[in-house]
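One line per chain: the protein sequences are H and W, in this order.
Just so you know, the first sequence maps onto residues 1 to 294 in our numbering.
Just so you know, the second sequence maps onto residues 1 to 277 in our numbering.
Calculated directly from the structure, the hints in this document are not laboratory data.
Hints should not be assumed to be uniformly reliable.
[To be verified] Computed spacing ranges between beta-carbons, pair by pair:
1) Asn-15/H - Val-21/W: 30 to 40 Å
2) Gly-16/H - Met-163/W: 39 to 49 Å
3) Leu-96/H - Leu-81/W: 38 to 48 Å
4) Arg-276/H - Ala-167/W: 24 to 34 Å
5) Leu-54/H - Gly-88/W: 51 to 61 Å
6) Thr-179/H - Asp-270/W: 56 to 66 Å
7) His-209/H - Val-21/W: 28 to 38 Å
For clarity, every value in this text was computed on a predicted model and none was experimentally measured.
The beta carbon of each residue, even a glycine, is placed where N, CA and C say it ideally should be.
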Amino acid sequence: MSFLAIRNLSVRLKNGPALLRRVSLDVAPGEVRGLVGESGAGKSMIGKAVLGILPPSVQITEGEILLDGTDLLSLPAKESRRRIGASCALIPQDPLTALNPSHRIGPQITDRLVDILGWTRAAADARARDLLTEVQIADPARVLRSYPHELSGGMRQRILIASAFAAEPKLIVADEPTTALDVTVQKQILRLIAGMQARHGTALLFVTHDLGVVSKVCQQLSVLYSGLVVEDSTVADFFASPRHPYSAALLAATPKYTDPDAGLHPVPDAVIDAVRAEVAAFDRTLAKGVKTHG
Amino acid sequence: MLRRRAGLRLWLSALWLAALVLAALLAPWISPRDPLTQDLFLARLPPFWVAGTEPGYLLGTDSLGRDVLSRILHGARVALLVALVAGGITCLIGATFGLLAGFLRGWVDMVISRLIDIWMAFPPVLFSILLIAVLGPSLTSIIIAIVVIDWTRFARVVRAEAMAQGAMDYVASARVAGRGRIGTMLREILPNVLPTVVVLLTLEMGIAVIVEAILSFVNLSISTDDPTWGGMISEGRTSIYQAWWVLVFPLIALFLTVLAFSQLGEGLKDRFDPVLR
Chain H
1 MSFLAIRNLS VRLKNGPALL RRVSLDVAPG EVRGLVGESG AGKSMIGKAV LGILPPSVQI
61 TEGEILLDGT DLLSLPAKES RRRIGASCAL IPQDPLTALN PSHRIGPQIT DRLVDILGWT
121 RAAADARARD LLTEVQIADP ARVLRSYPHE LSGGMRQRIL IASAFAAEPK LIVADEPTTA
181 LDVTVQKQIL RLIAGMQARH GTALLFVTHD LGVVSKVCQQ LSVLYSGLVV EDSTVADFFA
241 SPRHPYSAAL LAATPKYTDP DAGLHPVPDA VIDAVRAEVA AFDRTLAKGV KTHG
Chain W
1 MLRRRAGLRL WLSALWLAAL VLAALLAPWI SPRDPLTQDL FLARLPPFWV AGTEPGYLLG
61 TDSLGRDVLS RILHGARVAL LVALVAGGIT CLIGATFGLL AGFLRGWVDM VISRLIDIWM
121 AFPPVLFSIL LIAVLGPSLT SIIIAIVVID WTRFARVVRA EAMAQGAMDY VASARVAGRG
181 RIGTMLREIL PNVLPTVVVL LTLEMGIAVI VEAILSFVNL SISTDDPTWG GMISEGRTSI
241 YQAWWVLVFP LIALFLTVLA FSQLGEGLKD RFDPVLR
């Protein structure tokens with residue numbers, strides 16, 4: 001039984017093009033699913049839809065988001081907010097804008113535990129210290145008293161990871177958590193996320209454009225193109241033999257650090273044309289379906 | 001070096017404003033003369049450093065023989081009252097509208113933004129003269145006129161700032177955690193627009209002092225007997241060739257006060273903003 005199940009989720013810009021095309025995917029408890037695709041493929045959009053933070057300019061046109069068996073989209077807004085807050089968390093992309101510059105680190109981690117989840121202040125403070133130790137911050141007491149601008153990007157990303165795990169969520173959406181960091185820090189942060197996820201048994205929806213990251217962190221994988229899931233398989237199967245030509249080309253395009261002379265292999269135009277045609281065909285059948293219903 | 005200069009600016013402007021507040025509070029006791037007493041035999045006395053002037057009138061007298069220094073000290077009361085009350089109310093109303101429009105977006109933003117657009121299409125000076133003509137000239141009508149005209153300044157700037165802050169990831173995180181819209185607005189957005197609001201507020205206080213002076217200048221302020229800086233400038237204008245001091249001293253007071261307000265705002269922003277601090 002999966003903790004998160006998305007069924008036929010379609011999202012479009014209001015009076016504009018489709019952003020997600022009947023996306024379905026599952027994340028079992030304690031499992032990590034990678035969402036891969038190029039910029040604009042809609043991978044972040046899925047995470048935002050799950051957490052109820054879609055921008056006001058887009059709307060969900062159909063589908064279900066089942067969290068622990070209950071469809072969030074059929075619940076009243078307040079109730080779905082409560083459920084998301086109680087069992088989900090976000091690790092955002094840019095650590096520089098993800099902490100409020102006006103508040104010290106401590107309250108940013110603890111206030112939501114106290115205000116929303118009803119913890120005691122002492123319990124929340126102790127929890128924050130433990131978490132910062134767990135994400136390998138050397139001097140938690142000092143960091144908790146600091147303002148975000150006093151800390152480095154890698155440090156802030158560690159704090160965001162600690163903060164995401166604070167209330168022991170069942171599901172975490174990590175939206176390209178390493179994209180804004182430099183490569184050496186990236187590696188530490190990835191190891192940290194993977195370690196925390198394994199220890200806490202949290203389900204993780206990992207949005208990334210980096211297949212190298214996927215191979216290190218994820219067990220399941222969805223490849224998106226233009227809001228359409230073109231491949232859904234286990235990471236082991238995918239790296240052994242990708243089924244869809246687009247995802248095969250994507251895999252071939254990943255630079256090999258072991259062989260720097262191999263050069264770059266961009267996704268061939270023919271493959272792009274084919275996958276575009278597939279998306280167009282999908283839209284046509286959808287339009288026909290709507291017509292026969294009407 | 002830069003740090004010290006910013007500090008100096010803050011302290012100098014705070015010093016001037018503090019002196020002004022003291023002068024306004026203590027005006028009845030520290031004024032050398034009664035600001036309303038006329039003495040036509042002592043009309044247009046030059047300031048103290050000019051040879052042959054009557055001692056005891058430091059900054060001279062106007063064409064009715066009233067003491068200029070005493071009138072400036074009493075005029076500070078009106079100027080400061082207008083600055084604080086009109087500036088404060090304008091800020092409160094404008095910033096509230098701006099925050100609601102910028103963070104809640106949707107129909108709230110639509111209504112408030114259209115209101116601002118329509119409001120700003122009125123010519124402000126005519127609008128204020130009309131308002132005072134309807135309400136009758138008094139200190140209260142001046143304050144109301146300033147609030148009614150200037151709230152849009154706050155609303156527009158705060159709206160843009162709240163929108164920019166609303167797009168930040170920390171707002172998304174707060175929403176995911178289950179914080180309500182109003183809670184998010186007050187806790188996450190408000191502290192980050194506050195430095196902007198403080199700067200605008202001090203600028204607005206300076207503007208309020210100028211507007212009061214302008215309205216006094218066109219005789220739409222409080223009764224012409226009561227000393228106001230604008231009224232003094234207006235009276236001094238008629239005798240500028242015979243007695244320049246009647247015009248120049250209130251003008252200097254006005255200039256320094258407006259400058260002090262704006263510099264105070266800049267200085268406070270440097271202190272207030274956690275990123276600049």
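Hints, verified against the model:
Roughly 56 Å separates the CB atoms of Asn-15/H and Val-21/W, a value that falls outside the hinted 30 to 40 Å. Take Gly-16/H and Met-163/W: their Cβ atoms lie about 21 Å apart, and the range 39 to 49 Å is violated. A hinted range of 38 to 48 Å for the beta carbons of Leu-96/H and Leu-81/W is consistent with their spacing of about 44 Å. Roughly 31 Å separates the CB atoms of Arg-276/H and Ala-167/W, a value that falls within the hinted 24 to 34 Å.
A C-beta distance of roughly 39 Å is found between Leu-54/H and Gly-88/W, which places it outside the suggested range of 51 to 61 Å. The hint said 56 to 66 Å for the Cβ distance between Thr-179/H and Asp-270/W, and at roughly 33 Å that hint is violated. For the pair His-209/H and Val-21/W, the supplied restraint of 28 to 38 Å is violated, since their beta-carbon distance comes to about 59 Å.
Consistency note: the structure conflicts with the earlier hints numbered 1, 2, 5, 6 and 7.
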